Amino acid sequence: MKQRFVMGSVGAAAAAILLTSADLSAQFGQAAPSAAALKEAAAAPTPKRPNGVPDFGGIWVATRRRGDNVPAALDRDTGSFSNLLRSRTGSPVDFERDSGVRQRVVPREARPWYKPQYWERVQFNDVHGHSLLAPDPEFQCMPEGVPRIGPPQEILQTDRQMVFLYPLHLRRIYIDGRPHPPEDQWLGTWFGHSVGNWEGDTLVISTVDFNGLEWLGWPGWITSPDKRVTERMRRVGNTLTWEATVEDSILMRPWQTGPQRRLLNTDPQAEIEEPLPCVERDLGHIVTRERG
Amino acid sequence: MRTYAVAIGVALTLAAPTDGAQQATDLKKVLYSMANSLGMLRTLRELDSVMTVELWGSGTVREVGPKSVGPAVQVKSYYVQLAYDFPGMRVDMTRASGEREIQVVSGKFAWNEIEKIGGGLEPGWGSAVPAMDAVADRLLRLWTTPFGVVKAATAAGERVKLTVENGATVVTFPLISAPQPGETVNMVVGELEGTPVKVTLDANSRPARVEVRYRDRMYVTSYSGYGDLNESDYKADIYFPARVVRTVDGQTVLDLTIEKTNTYNPYVIMPVPPNVQKVAGK
Numbered sequence: 001m002k003q004r005f006v007m008g009s010v011g012a013a014a015a016a017i018l019l020t021s022a023d024l025s026a027q028f029g030q031a032a033p034s035a036a037a038l039k040e041a042a043a044a045p046t047p048k049r050p051n052g053v054p055d056f057g058g059i060w061v062a063t064r065r066r067g068d069n070v071p072a073a074l075d076r077d078t079g080s081f082s083n084l085l086r087s088r089t090g091s092p093v094d095f096e097r098d099s100g101v102r103q104r105v106v107p108r109e110a111r112p113w114y115k116p117q118y119w120e121r122v123q124f125n126d127v128h129g130h131s132l133l134a135p136d137p138e139f140q141c142m143p144e145g146v147p148r149i150g151p152p153q154e155i156l157q158t159d160r161q162m163v164f165l166y167p168l169h170l171r172r173i174y175i176d177g178r179p180h181p182p183e184d185q186w187l188g189t190w191f192g193h194s195v196g197n198w199e200g201d202t203l204v205i206s207t208v209d210f211n212g213l214e215w216l217g218w219p220g221w222i223t224s225p226d227k228r229v230t231e232r233m234r235r236v237g238n239t240l241t242w243e244a245t246v247e248d249s250i251l252m253r254p255w256q257t258g259p260q261r262r263l264l265n266t267d268p269q270a271e272i273e274e275p276l277p278c279v280e281r282d283l284g285h286i287v288t289r290e291r292g
Numbered sequence: 001m002r003t004y005a006v007a008i009g010v011a012l013t014l015a016a017p018t019d020g021a022q023q024a025t026d027l028k029k030v031l032y033s034m035a036n037s038l039g040m041l042r043t044l045r046e047l048d049s050v051m052t053v054e055l056w057g058s059g060t061v062r063e064v065g066p067k068s069v070g071p072a073v074q075v076k077s078y079y080v081q082l083a084y085d086f087p088g089m090r091v092d093m094t095r096a097s098g099e100r101e102i103q104v105v106s107g108k109f110a111w112n113e114i115e116k117i118g119g120g121l122e123p124g125w126g127s128a129v130p131a132m133d134a135v136a137d138r139l140l141r142l143w144t145t146p147f148g149v150v151k152a153a154t155a156a157g158e159r160v161k162l163t164v165e166n167g168a169t170v171v172t173f174p175l176i177s178a179p180q181p182g183e184t185v186n187m188v189v190g191e192l193e194g195t196p197v198k199v200t201l202d203a204n205s206r207p208a209r210v211e212v213r214y215r216d217r218m219y220v221t222s223y224s225g226y227g228d229l230n231e232s233d234y235k236a237d238i239y240f241p242a243r244v245v246r247t248v249d250g251q252t253v254l255d256l257t258i259e260k261t262n263t264y265n266p267y268v269i270m271p272v273p274p275n276v277q278k279v280a281g282k
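Line by line, the protein sequences are chains A and B. Quick note on numbering: our numbering labels position 258 of the first sequence as 258, and the sequence is numbered without any gaps. Quick note on numbering: our numbering labels position 139 of the second sequence as 139, and the sequence is numbered without any gaps.
Okay, chain A solo, but in the shape it has when bound (with noise of 0.2 Å):
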């Protein structure tokens, strides 16, 4: 039943990828921009807007051209899937298996560190992550929150404010040097309020007033209404670069998410496709708490 399972989630895996979280890039090992492209990319003019701050605008993530979306695994001659499954044997079980055990190898300078009264609670959610007990809010199909989500797919960028654009969710990050609010004002949402200031050509981006049900990570790695994440972004010629550090009262230090490049696409032509949307369906169908 499992491996029935798995082999039909195949595809739904494959066009999974293309979804782009942050864990399913590392789970999947979604290509990195080479070195030579990153190199060639950074000597390109880094274009400023009017008032003198760069511009962040364009499609930060390599788009495909339309019609040209056949899955690299499928061979045109047979009309057959190669096998995608990066397991050693190839089989089903493994791939979760080796998926699941290779995905929780995380140094431990890049774990946030939970105080300990927190510990039990981390290790029953990542154990129980894929189950109706403690399921990865990711997995249901709710939105990744911050900096889960990662760094956007497409930025469009007025005086005012910055629009960051994911595949399914867009956050608003305000630059005209508005406040957050009083925190009597708070909502508690998944994506937080964001407002932006600009260090030299960094921006800093400033985000508070989360509802603490989003994950910092697949390992069931909880987070507190009280988060507050600050992200660096910075373009350099035709490459940008993200990272985030995560502040909550239930860690002991502050958790830091490591860099994350980007190239523009610089295509003129270059198209973002509808992506699926996020339906759950395999909560009911699990019979096994592995998961990879």
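Treat the hints as calculated values from the structure; they're not laboratory data. Quantities reported herein were computed from a predicted structural model and do not represent experimental measurements. Quick reminder that beta carbons are idealized off the backbone N, C-alpha and C, glycines included. Watch out, some of these pointers could steer you wrong.
[Unchecked claim] Think about it this way: if two alpha-carbon atoms lie no more than 25 Å apart in a straight line, the pair counts; the simulated DMTMM-like pairs of lysine to aspartate or glutamate are: (1) Lys76/B to Asp228/B; (2) Lys235/B to Asp94/A; (3) Lys278/B to Glu109/A; (4) Lys260/B to Glu120/A.
[Claimed, not checked] Sample of chain B residues with no beta-carbon within 12 Å of chain A, all distances over it, derived: (5) Val75; (6) Gly124; (7) Gly126; (8) Met270.
The hints should help you fit chain B onto chain A, whose structure is shown.
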């Protein structure tokens, strides 16, 4: 099946005279086979992917004093966290009498947590008592676990020796510091530097007996009944012994039955409490 084939191949090879190059090849095969037979190598690249482990068991323990061992005490709960990346270990045992003891080692620090796991890290959340004299013993217990000896032998590199004793493959090597922060192993051995370890493998290339002579004492740990001890709906194909027996100078100081493991690299951290850092810094 591949594990058996490698083991048999190595055994046959060892029976014949070998030159240096052949010995090196055999060593690589044996180390590969040890890791593979424990399920440590994952993904297409066969990376060592065991970083943290939890295990639950029960049995008897005897306290090891400087020159003697104490009486056997029943332990109704013996919960262990292993973190090869810190490296660290936390042993939380509850005796039949209800008395609880939580021993921790993290890198070059050791302490006992009072009342709660993580005691001493946050105000009002238990406390921590430094136990710096226990660092070497606790690190020795970590590096002589089945996964620990594979990682330690791999770190020893060319200093690993291979022999055959009574038909069994025997791997010997010194414990060597080889800090690798960010990897699934961070070989920090402290005072154990250079301590020789002798590992006798079973027919499946898994550690069956680990012998260490340290500070004029002989520590022997025997492992048997290997299996995937994760819960039935949470299997990982990573193998741990169901029975662990440790002796010091021939006297049994630990006899454990392992009832359950979590080998999916669970969330396990061992930050050093401020008061332990302070004492250790003096």
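For each hint, the structure was consulted:
1. Simply put, Lys76/B and Asp228/B have alpha-carbon atoms about 22 Å apart, close enough for the 25 Å limit, and the pair holds.
2. Pair hint Lys235/B plus Asp94/A holds up; C-alpha atoms about 10 Å apart against a cutoff of 25 Å.
3. As the CA atoms of Lys278/B and Glu109/A are separated by approximately 22 Å, the hinted pair is consistent with the 25 Å bound.
4. For the hint pairing Lys260/B with Glu120/A, the CA-to-CA distance comes to about 17 Å; that is within 25 Å, so the pair holds.
5. The claim that Val75/B is not at the interface with chain A holds, since no C-beta of that chain comes within 12 Å of its own (minimum 21 Å).
6. At roughly 9 Å from the closest C-beta of chain A, the C-beta of Gly124/B falls inside 12 Å, breaking its exclusion from the interface.
7. Once the 12 Å rule is applied to beta carbons, Gly126/B is inconsistent with being away from chain A; the minimum gap is 8 Å.
8. Under the 12 Å C-beta cut-off, the non-interface status given to Met270/B relative to chain A is violated; the minimum distance is some 9 Å.
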